[in-house]
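Engineer: These protein sequences, in sequence, are chains A and B.
1 is the number of the first residue of the first sequence in the numbering used here; add one for each residue after it.
491 is the number of the first residue of the second sequence in the numbering used here; add one for each residue after it.
Treat the hints as calculated values from the structure; they're not laboratory data.
The reader is advised that the hints may include incorrect statements.
[Claimed, not checked] Below, computed lysine-lysine pairings styled on PhoX-like, alpha-carbon distance capped at 20 Å:
#1 Lys642/B - Lys779/B
#2 Lys366/A - Lys474/A
#3 Lys779/B - Lys477/A
#4 Lys434/A - Lys366/A
#5 Lys434/A - Lys497/B
#6 Lys477/A - Lys775/B
#7 Lys497/B - Lys351/A
#8 Lys434/A - Lys351/A
#9 Lys497/B - Lys474/A
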Amino acid sequence: MPEHLMCELSVPGRVGFQYPESDVPAAQLPEDMLRDDLPLPELAEIDVVRYFTRLSQLNHSVDTGFYPLGSCTMKYNPKINEETARIQGFANLHPLQPIETSQGALALMYHLQMWLNEIGGFAGTSLQPAAGAHGELTGVLIIRAYHRSRGDTKRNKILIPDSAHGTNPATSAMSGLQVIELRSDDRGNVDLDALREHCDDTLAGLMLTNPNTLGLFDENVEEVNRLVHEAGGLIYGDGANMNALLGIIRPGDIGFDVLHYNLHKTFSTPHGGGGPGSGPVSVTEQLVDFLPDPVVDIIEPGDEESGVPPLYGLVAPNKTIGRVKAFQGHFGMFVRAYTYIRMHGAEGLRKVSENAVLNANYLLAKLRDTYHIPYDRVCMHEFVAEGRWAEAPDIHALDVAKRLMDFNFHPPTNYFPLIVHESLMIEPTETESKETLDAFAKTLIQIAEEAHSDPELLKSAPHTTPFGRLDEVKAAKELVLCCVPEYARG
Amino acid sequence: MFTPHTKADQDAMLTTIGIDRIEDLFQYLPAEYRFPDLNLPPALTEIEVLTELQDIAWANDTTRELVSFLGAGAYNHYSPAVVDAILRRGEFYTAYTPYQPEISQGTLQAIFEYQSMIAGLTGMDVCNASHYDGATAVAEAVNMAYHNFRGKRPKVILSPGVHPHYRETVRTYTRDSEVTLVGDQGEVEVDAGPEELIPLIDDTTGLVVVAYPDFFGRIFDYSELAEAVHEAGALLSISVNPIALGLLKAPGEFGADIVTGEGQSLGIPLSYGGPYLGLFATRQKYVRKMAGRLAGETVDNRGQRAYVLTLTAREQHIRRDRATSNICTNQGLLALAATVYLSLLGRHGLRQVSELCYHKAHYAADQISGIKGYELWSDQTFFNEFLVRCPRSAQEIYDHLLEHNLIAGYPVGKDYPGFENHLLIAVTEMNTKEDIDWLVAGLEEVLNA
């Protein structure tokens with residue numbers, strides 16, 4: 001059942017929140033600058049609480065069901081994260097407070113920077129970028145600034161594999177680089193011959209997601225990185241898939257120069273229905289000076305013997321590219337990621353990735369006979385299947401996806417990566433039990449049977465959800481983007 | 491830690507896969523780098539980690555322990571209990587971007603409500619589902635204007651009254667592009683009002699960016715500036731603090747083409763700088779030029795009214811290197827916070843909090859300008875923040891009062907050379923008359939110290 005909009009629920013005169021009376025004398029209001037009307041609803045507190053609670057119940061979420069959305073790492077978000085981020089000493093701290101009053105926050109950021117350096121195998125980290133795509137922009141600006149600082153000004157070309165997420169080419173274009181798409185070979189690796197063609201003195205770098213969006217670890221990664229470095233380019237690592245690599249391999253060790261993390265994927269900060277994310281960027285020693293302003297550093301060493309802690313401060317790196325946003329970054333997400341890393345330690349993080357990869361390979365083994373796997377080898381934390389069968393020509397991956405909703409499963413990512421037809425990209429994550437994976441595999445096998453025996457059942461799915469398929473053409477054509485409330489109509 | 495597997499589960503799964511050990515899953519990775527020993531502190535349990543983080547947080551003195559008049563782009567407002575109660579619903583915060591609308595109507599309808607309320611508040615036609623913060627929203631406005639004119643109007647005029655961090659962010663975003671930024675490089679005085687920006691506009695100007703209130707708290711009527719901008723064929727972007735819009739004219743009334751803003755004031759905790767909320771609204775005719783997600787109304791196949799992400803062909807996952815912005819993840823949960831906040835306060839509550847800020851700030855300004863040696867820097871109308879010229883170094887005064895657990899404001903000298911004696915003071919509904927009187931007494935006493 002659809003819920004009414006607030007503009008329809010509004011009743012003139014209802015009040016939801018009361019402020020104290022003013023305790024100062026009233027000042028003269030600027031009559032010529034006042035607005036005539038405020039188009040906001042009038043609701044009681046209970047109206048608001050019920051409205052949003054009922055809306056929430058129309059969502060699928062990690063807390064209510066399996067969410068195997070490939071490339072998104074929809075792992076369980078520990079509840080303790082939500083407690084620690086809300087500790088009064090963090091939640092009410094103003095970003096421009098003097099450092100003497102914010103040593104706790106700065107220490108936490110300093111340690112998180114160090115831990116991300118350690119996990120990725122890098123020399124320096126900026127926590128400022130707000131999301132993965134923002135981290136990519138930061139990284140690409142760093143690469144350009146590095147080349148320019150060496151007087152190397154003709155490097156205007158960046159290579160991006162055809163399996164890459166759309167943010168990679170969009171980011172590169174934003175920073176004024178010419179994007180060249182690299183094809184993948186038949187094992188899903190970067191095609192080395194295609195790469196060699198472009199390795200010249202106009203190459204700024206290569207953006208590489210590894211494991212790639214097929215869920216495969218690039219078997220040529222060391223050779224790829226060697227070729228790019230030989231041509232004078234740098235390697236940008238899209239860390240969207242770091243959940244496969246914690247304690248398994250460090251990107252910095254195998255030749256990556258820059259890497260962004262997604263704290264909202266790998267380090268369990270919640271996705272929030274579309275954000276906030278947090279996209280810290282780590283770099284090698286030669287790039288540390290180019291990091292965004294500011295980073296946290298020790299500005300006065302402490303003395304362990306007498307128990308005096310160091311003094312932490314905000315510092316602008318020497319050749320910084322500048323700020324990429326206001327203030328220091330998504331601090332609330334730093335607290336959550338800190339909590340998560342602290343609860344795992346080195347051994348625990350390795351287990352995260354081991355189990356994430358175990359779960360993906362287990363599902364792959366269970367589904368291989370029913371769904372075609374275009375690049376079928378040992379996968380990392382996710383894999384890509386095809387949602388199509390020659391004998392069921394009307395059925396598309398979309399139909400499989402929609403039918404899954406009838407069983408309280410969120411569908412896998414579909415129609416991405418673009419290099420697989422009718423793709424279903426499945427990432428179970430490490431927080432799902434064998435029982436959940438078994439039930440999911442069983443359902444997918446049943447759906448494959450239905451695709452052949454009763455295709456209409458899939459074409460008309462979902463059936464048991466509160467809403468059926470939506471008319472997307474109507475939405476784009478009519479373009480109703482705001483509720484025009486009764487009280488705001490002329 | 492959060493993996494449910496028993497040893498028996500793992501063994502059964504390995505058997506199904508057809509391997510003996512988990513390590514075998516990684517045999518294709520470069521052997522010499524496999525399984526590094528990470529130097530991280532040993533794992534803690536939930537009880538221990540909570541204690542550790544409480545200890546860390548204890549080293550901070552917050553706006554609730556100190557008396558604070560610090561604003562400068564982030565404000566200490568009260569967030570009603572309802573806001574966090576809704577944000578804590580796992581159905582909202584553990585969901586992904588609503589790409590599957592049949593099972594994401596909660597998020598989609600909330601975005602639609604958000605778009606409606608922000609459009610109404612700013613007086614614009616359409617609003618996207620958010621940017622990262624007030625700074626990147628301005629950078630995206632610059633980006634949008636540049637693409638709107640297909641690169642033919644690369645000049646952007648930034649008023650010196652736009653938040654210093656926002657201007658720095660725009661500089662970073664455009665450092666490798668053709669965009670040229672003027673206005674805050676000495677072309678006009680720091681105190682320039684809108685009329686002083688007009689002579690900078692020419693036929694290569696694509697965008698003029700001003701703030702409302704500006705960094706110094708001042709409010710201007712931008713109608714004449716808008717006319718001059720439009721006459722030259724350029725666009726006007728206004729960066730707002732939405733709390734002020736509970737009282738003041740919507741920037742749409744001035745003729746703004748783009749309204750951006752920092753939405754933190756709308757029920758979002760200070761949290762040492764983030765996550766906050768980037769507001770972005772524009773005119774209907776630019777809707778296809780605007781980056782970011784949009785929820786649109788439609789129907790489902792059962793005839794029910796429903797919402798879906800629309801005009802997605804503008805976005806990076808479809809257009810790839812031809813997209814004008816790379817934004818993907820945005821500030822979904824913070825947009826929800828602002829939506830709940832605005833719903834609960836409604837038309838009366840928002841006006842009330844806006845007036846409280848106004849009256850308290852004006853009381854503070856009156857009292858402070860009554861102290862010998864202190865004066866208001868500007869006689870322009872202001873909202874809840876104002877710049878005070880102090881009789882000596884603002885940093886010294888500030889440091890002295892900090893020893894008495896008072897954050898007297900924000901010394902602007904580090905952002906505006908020559909303003910070393912100037913203190914930017916913000917007042918919200920959280921500051922009582924007693925706090926203000928204490929600040930006034932402190933500012934007076936410090937002269938004798």
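Engineer: So, for every hint listed, does it hold in this structure?
Structural biologist: Structure-based check of all given hints:
no. : hint                : verdict
1   : Lys642/B - Lys779/B : 16 Å, holds
2   : Lys366/A - Lys474/A : 39 Å, violated
3   : Lys779/B - Lys477/A : 16 Å, holds
4   : Lys434/A - Lys366/A : 12 Å, holds
5   : Lys434/A - Lys497/B : 11 Å, holds
6   : Lys477/A - Lys775/B : 14 Å, holds
7   : Lys497/B - Lys351/A : 12 Å, holds
8   : Lys434/A - Lys351/A : 16 Å, holds
9   : Lys497/B - Lys474/A : 52 Å, violated
Of the numbered hints given earlier, the model fails hints 2, 9; all others are met.
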